[in-house]
Amino acid sequence: MEKVNKRQINWIDKNNKMTQIPTLLCMTSPSVPYEIGLTEKHLNELEADHFNGQLNRKDLLQFLIAIQQRFGWICKDAIAWCSHRISQLETGISEQEIRGIIDFYSFLEKEACPPLHLHLSTNVTDYMLGQQDHQAYFETLAKEYPKRFRVTNTSCTGLCDQGPAALLNGLPIPALNNSIREAIRKLVEEQPAKIDVAATFPTPQDNIQLKDQLLNRQLQSGNAIKRVMTNPAEGFLGELNAARLRGRGGAGFPTGFKWQTCADADASQKVVVCNADEGEPGTFKDRVLLHSHIQQVIEGMTIAARTVGASLGFIYLRFEYQYLLPMLTAAIEERVTQNLLGDAILGEEDFNFHLHIHLGAGAYICGEESALLESLEGKRGIPRIRPPFPAQAGYLGYPTIVNNVETFCCVAEVALTGGANFASRQCEGSTGTKIHSISGDCERPGIYELPFDTTVEDILKLVGAKNTQAVQVGGPSGKLLFPELFHEPVNFSHVSSGGSFMVFDESRDLFNVVKNFTDFFHHESCGFCTPCRVGCGVLSETLDKFAKHHASDDDIQHLREMMELMDVASHCGLGQTAAHPVRFLLEGKPDFFKNKETTDSVVKIDIHEETSAARELHLANAGESHE
Amino acid sequence: MSDQTIPCIELNGKPIPFQAGESIMQAATQAGVYIPHLCHHPDVSPHGSCRVCIVKVNGRVKASCITPAEEGAVVESECDEIRQLRKRLIQMLFVEGNHFCPSCEMSGQCQLQALAYDLNMLDTHFDHFYPNRAIDCTHPDIILDRDRCINCDLCVRASAQIDNKQALSLGGRGQQTHLQANCESGLLKDSGIESQDKAMHICPVGALLPKNNHYPQITGERIYDKAPISEVGNVRPENHQGDQTKGPIS
Amino acid sequence: MSDNKVKVATCSLAGCFGCHMSFLDIDERIVDLINHVRFDRSPLTDIKEVGHCAIGLVEGGLCNEENVEVLKAFRENCDLLVSVGACAINGGVPAMRNNIPLEECLETAYVNGIGVVDPQIPQHEDIPPLLNKVLPIHEAVHVDYFLPGCPPPADAFWELLTAVLENREPNLDYSLRHFD
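Each protein sequence line maps, in turn, to chains Z, E and R. Residue numbers for the first sequence follow the working numbering, beginning at 1 and rising by one. Residue numbers for the second sequence follow the working numbering, beginning at 1 and rising by one. Residue numbers for the third sequence follow the working numbering, beginning at 1 and rising by one.
Keep in mind that the hints were calculated from the coordinates and are not lab data. Keep in mind it's a predicted model, so treat the numbers as computed, not measured. Misleading hints may appear alongside valid ones.
The calculated DSSO-like cross-link candidates involving lysine-lysine, where the alpha carbons are at most 27 Å apart (straight line), are [stated by the list, open to error]:
#1 K87/E to K379/Z
#2 K226/E to K211/E
#3 K211/Z to K110/Z
#4 K198/E to K379/Z
#5 K189/E to K76/Z
#6 K226/E to K189/E
#7 K548/Z to K5/R
Computed far set for chain E versus chain R, every beta-carbon distance over 10 Å [stated by the list, open to error]:
#8 I6
#9 P7
#10 C8
#11 Q30
#12 I82
#13 P102
#14 Q161
#15 G172
#16 Q176
#17 H178
A virtual CB, placed ideally from N, CA and C, is assigned to each residue, including glycine.
In isolation and in its complexed conformation, chain Z is listed as follows (with noise of 0.2 Å):
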């Protein structure tokens, strides 16, 4: 196309050098070699290794994902090169589009970038553990060293109970205290070119308080497909119905209909999605299942493609745990020679399945299943309109089906032991069991396995709370809890929940809650609808109006009317529950608003705050003068 610019890249141009930074070393990646800056060189061998010499427009977030991981950040030139590249192949993709993608994800960068960056967790489960002071502490850091350090802050990064987190350059530091403090201070002061991240710090850890049949479950490679492998292909969607199986993910969407969709559908191509993009704040159950249970994710996955006929499949992992690629690369690798991946598995004619990872990049709205493959196609996440479904039109059209992780776990469960033995355990419906991550004010945080009849008091109990005022199930999106609803089971008649479970005693100003829940869909909102994109705004900023004082009953209609149309106009679910937070508080316990509404009755600005800039041009002024 005309259009696309096929200028001769600078790359000595000196405005966009990019910054060296040191080597992370995770966990269990080995050492990667040290580079001194990005070079086209550099980008074609990028593109060599992982993209078989040949950047396509679906791989260009892995692309952008993979030079903001290695070098820190994404300069004009590269942006340049990967717009040169993908034009000379097809549909050509200027610099700006890619300029808006770098946009839209939250760990990228299209700003010179100091070579450490850290980014502090913001959920509120963090905050009660102490957050601010280590914030304030790094922002001093970052002033100390400008050129060194920065530091910003993100979403919930998933380790909730072992907070406050961080992630330094993408990998995870969990428990930050005083020491991790100074070690960090170190790093920033002496500048090392590598950093063994797992030596240094403390990792994450998966912290399983209570076992039952997911988490007991020692798979055997293999044994779950051979089971299936007994019955013809469709066989096991009766399984499934008879599991009763609903998608863990939060949504509790019946498993055996979306699959049933995806089989019965005609297509050349159909594909299989994990959807590990565990966003919603406080859950982390995902992320042990990814760690300790990979086999029985990649076997539910692999059932999955068999029984609906896809031969290509993707793990869309969240950004914040991509310290678990190393390891799940090795798990996808073995079990490609063992035959239980990849062509003709176990010497079945036609059961091809190919698994992949794509990385996330820092965007909640991903794990909403239509943006989700709208980033799998390397786009920015906006979700989808529906119809059609992704089961029917999905990955580049073709139908796809997206699970959560614990979904596939269920599924190998389903597979190894049938559907009527899962769905004996039940609660008026819903069968099997339910991983929770518990977070907050207790003495036993961490992931417990539990069944459907469980109470949300016998949570309580099992994890040590005491003096709890409220509970928030499911995560922001869920529900706000009150004492007089304890009594209500976690199931999907209920209480229904993704895993998410936080607990909040008596001490705590719910509003505060309330509002971090609150600037976090704000913070997250894809800007597609009005509703979702304007709303959100709205609703931070009437919330900040409360936190200083200055709310009145004109701000609580507000609240109400947002609540009301965000609830019904929205054009999916994130925008559909941005007001959920506030719903439950303000209509369970309005105190919390009514007590910090304006002192003066009148006037609802603070002049003091409105007048500040002229304040301080008339001091600077006046320090002038005297002069």
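For chain Z, the structure is supplied; the task is to place chains E and R on it using the hints.
Just chains E and R, lined up with the frame of chain Z:
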């Protein structure tokens, strides 16, 4: 009553026939019933982002431009509840951008403003965001004023689907979502857009404007001075190539 | 002058008095009006402090501290507060400075402006400090009615006042609803 062989929806109490695969918006348009909208245009694919075209379908709120018409569906597009939600949506679009009607070239011809009038919107209701957005005046014939842009994506789709240029796209995320020119510089002058492009004339507000053609009609004579948008439809009057979704409101 | 008359106050904050001018375009109907209302603080009366009124008409947005004080006095004293015109409703033309740093605005006007003699940014304790951003009045106080337009048509003022006097909800026809 509807013929048994032709499927119908019931729109505001009246049967409206549709063909398989049509959206509620398409069926309504063909029947001459106006459903308010901003991001929809019959010449490009539906988008479903502005949500102004929400209607009640069997009691549930849906965007009519992306909801397939289904036999027997009971659709309400003008009930008080829907009109109130629409008004709030228009107010949200007003506070999100920087819309200063008195000085805007498109005043009186702007579909956002016209919907505000039609929905009896007298105030902006919410606190204004007053965002800081870049204006692009680099093109010899066209101004891109992002202050007025409502991120409806119409120009993006028109450029790709009608002009075959892909001159524009939406970039960024959330409240930072913005219209951008697809080129190395990111400037309109290098995007390939030209003043006769559909992308230029499909803008429902004053975000994409021709240079040197200010205030073409005097106040009082402009299209929405004379009649509400529910009667004349979404029309960009400078070329009178509106989306023909006009028709008397039932 | 009867004490049964409804008291009305008006003021212009960060506005141009254009709305007041438009109000006067009710022409001879002002005679009818004056039989029913008495003006309290208003540019029409030169009363400096607003007393208790049934209706307060506020033109213009908030651009400085004094605007906020006047608005506060109006809200405290008026049973019904009406936001009049584009500037009161969304900041209007004055709010177009909201994306420009205050210092730059002042320097453009008082230092670098064409024809400026003795350039300096005026500063005196009697000059009320400017707000960081020009704000619509409904962001600072509760507002009961809105009259959009730049300016609102005289008939809109007439409809509002007669409606309040007749104890009914004002209803602006399509032709009276415009933002320019």
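Notebook entry, point to check: Which numbered hints does this structure break?
Noted result: Violated hints: 1, 3, 6, 7, 13; rest satisfied.
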